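Chains F and S, in that order, give the protein sequences. Mapping of the first sequence onto the numbering used here: position 238 corresponds to residue 238, and the numbering continues sequentially without gaps. Quick note, the numbering used here runs 1000 ahead of the 1-based positions in the second sequence.
These are computed hints drawn from the structure, not numbers from a lab. Worth double-checking, as some hints may not be accurate.
[Said to hold, decoys possible] Using 20 Å as the maximum straight-line C-alpha spacing, the simulated SDA-like pairs for lysine to any residue come out as follows:
| no. | chain 1 | residue 1 | chain 2 | residue 2 |
| --- | --- | --- | --- | --- |
| 1 | S | Lys-1019 | S | Arg-1081 |
| 2 | S | Lys-1135 | F | Asn-212 |
| 3 | S | Lys-1019 | S | Ser-1085 |
| 4 | S | Lys-1135 | F | Val-217 |
| 5 | S | Lys-1076 | S | Leu-1180 |
| 6 | S | Lys-1089 | F | Arg-3 |
| 7 | S | Lys-1089 | S | Leu-1180 |
| 8 | F | Lys-136 | S | His-1231 |
| 9 | F | Lys-136 | F | Ala-173 |
| 10 | S | Lys-1135 | F | Glu-170 |
| 11 | S | Lys-1135 | F | Ala-173 |
| 12 | S | Lys-1076 | S | Val-1179 |
| 13 | S | Lys-1135 | F | Arg-251 |
[Unchecked claim] A short, non-exhaustive set of chain F residues, derived as facing chain S with CB atoms under 8 Å:
| no. | residue |
| --- | --- |
| 14 | Trp-5 |
| 15 | Asp-65 |
| 16 | Tyr-162 |
Computed from a predicted model, the values in this text were never measured in an experiment. Ideal Cβ placement from N, Cα and C applies to all residues, glycine included.
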Amino acid sequence: MNRPWWERPVAVTVALTVLVAVFVTTAVVRDRTYAASAAETELLYLPSGDMVERMALSFDSLMADIYWIRAIQHYGGTKRSESTEKNYDLLGPLLDIATTLDPHFSVAYRFGAIFLTESYPNGPGRPDLAVALLEKGIEAMPERWEYYMDIGFIYYWWLQDYETAASWFERAADVPGASWWLRSLAATTLAAGGSRESSRMLWQQMYDSADNDWIRVEATRRLTQLRALDDIDQLIALAVRFDQQAGRPPRGWEELIQEGLLAGLPLDPTGLPYVLDFENGTMNVSPESELYPLPGESLPPLPQ
Amino acid sequence: MAIIGRIAVHVFKESVRDKVLYNLVLFAVLLIAASYLIGQLTAGQDVKIIKDLGLAATQIFGLFIAVFIGIGLVSKEVERRSIYSLLSKPIRRHELILGKYAGLVLTLAVNVVVMAATLYLVLGYMSWVESEEFKATWLRPAADPAMLPAIFLVFAQLALVTALALFFSTFSSPILSAVLTFGLYVVGHFNADLRNFESVVDSTAAAYLARALYYALPSLAPFDVKAAVVHGEPVTFGYVAMTTGYGAAYVAALLLAAVFIFSRRDFK
């Protein structure tokens, strides 16, 4: 009986050879024409993010989302917990895994850095890890000037290393497409690093360049803290004036109100009264205030 | 050709009767619920996560359909003995194989199209309710047409997985076919590592063997451009065409082998 060609071994072998040649050639040409995928350039069986990436098959991006959600949950849950010993140890590895799985996960770098730098007990207080995370972001996306700016910002705000901060602002300014004000920010940082005005400028620029609501909220909070510091300056000046008039420091806000120096209880921008602490000779926002604790800036002492 | 078409339509109708398309309802519910819940959880990344989730779910749902229906396309007919009545009709064996394959690919195509439409509807709604200011923070628009190449390549990958399942079902049991198909699916996402094996081994023979395996095994990782489109990275027409061409040649080889094996099987 005369069989069709697809039932004859020799014909099928020839046809299969041709088809295999076609798909192998296509694969060779594709691999040469287009850059190798990330999976191809990474080494097998490394711990943490790389290991998870292996297990994620082609769902890296989705897994990155899951790890990002876990990082937020870990940070938020620990921050809000009533525990006296808050442990943020998992935050760094979770962010590392999320950004290894998805190296373009911009919000994980920028927000992760904010989480990591926040001082204890509101965060782990690890600016070193935050800088490492942002440097990882720069490696993946060297064109994102915001990451250089964020590193400069960490050196400025958290480490008070104004020279290094200025150099990072300069590097940010060198990135094509970076905002024009970065160079003047670098100059201001070098000239007047640590002053409240330069801090205000920094946070205002952070607010203006935010690509995300959370960063905007954080910048607003910091700007409000600076406003509270301005208020405290004025209140201390009033306390000094009372001291000069009465020959002794005020014992509470009531005395300043009675003297006509204040119209009523002085409230911080969130609506809670400022706290006058005679024992320690300090004035501050209430520990219940969203602005607490204020940044570690030395305030003039109260009259004693 | 007409017979292949009729068998394909029959397979599609059978999958509808088997309530396979119910997964679409589950998909829609999953997306709508997730878009609400995730929007509460994440920092302005809700659109990205919905895109990731929608594209991943399209692939996973399609994968289960391709494997679990694909492995039964031929073996079920043999187990039920309905193969005898089928082959006694004026249907040739290669028409049966090709018709079955076309029918399942048609089912998958309907699935992928409806899922993609649902994803675009959810994203379109999110875009509609958000303010212009908020939308300006998105890396890409919500209902981004740039996702279409990723959706198309998901479909192309599913067509290849279906061919694998059908190929195995022509000569092995459903369970073994499922194991082999899933195994190759996993290997297909790892095998890119075999390509540069020479950088981790000293043996030239092992490096060549690894390179040969890389080309022989189905390479599924290149079909995955989901992350790229979500981040707005360009996926060129040339890349999509070349990857589709690779998939088409691989499918043709698998179907030819399946037809050859099935035509030589003795059902007496």
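Hints, verified against the model:
As the CA atoms of Lys-1019 of chain S and Arg-1081 of chain S are separated by approximately 23 Å, the hinted pair breaks the 20 Å bound. With a C-alpha separation of about 10 Å, the suggested pairing of Lys-1135 of chain S with Asn-212 of chain F holds against the 20 Å cut-off. The hinted pair formed by Lys-1019 of chain S and Ser-1085 of chain S fails the criterion: a straight-line CA distance of about 25 Å is larger than 20 Å. Proximity of Lys-1135 of chain S to Val-217 of chain F is assessed by CA-CA distance (about 17 Å); at most 20 Å being required, the pair is judged to hold.
Between Lys-1076 of chain S and Leu-1180 of chain S the alpha-carbon distance is near 17 Å, which keeps this suggested pair within the 20 Å criterion. This hinted pair checks out: Lys-1089 of chain S and Arg-3 of chain F have alpha carbons roughly 18 Å apart, not beyond 20 Å. A hinted pair counts as satisfied when its Cα atoms are at most 20 Å apart, and Lys-1089 of chain S with Leu-1180 of chain S does not qualify at roughly 31 Å. A hinted pair counts as satisfied when its Cα atoms are at most 20 Å apart, and Lys-136 of chain F with His-1231 of chain S qualifies at roughly 18 Å.
Note on Lys-136 of chain F and Ala-173 of chain F: the hinted pairing holds, with a Cα-Cα distance of about 19 Å set against a maximum of 20 Å. Note on Lys-1135 of chain S and Glu-170 of chain F: the hinted pairing is violated, with a Cα-Cα distance of about 30 Å set against a maximum of 20 Å. For the hint pairing Lys-1135 of chain S with Ala-173 of chain F, the CA-to-CA distance comes to about 26 Å; that exceeds 20 Å, so the pair is violated. For the suggested pair Lys-1076 of chain S and Val-1179 of chain S, the alpha carbons sit about 16 Å apart, so the restraint of at most 20 Å is met.
Restraint check for Lys-1135 of chain S and Arg-251 of chain F: not satisfied, since their Cα atoms lie roughly 52 Å apart, outside the 20 Å limit. The beta carbon of Trp-5 of chain F is not positioned within 8 Å of any beta carbon in chain S (closest approach about 10 Å), and the interface hint is therefore violated. The interface hint given for Asp-65 of chain F holds, since its Cβ lies 5 Å from the closest Cβ of chain S, which is under the 8 Å cut-off. Checking Tyr-162 of chain F against chain S by beta carbon gives a least distance of about 29 Å; that is not within 8 Å, so the hint is violated.
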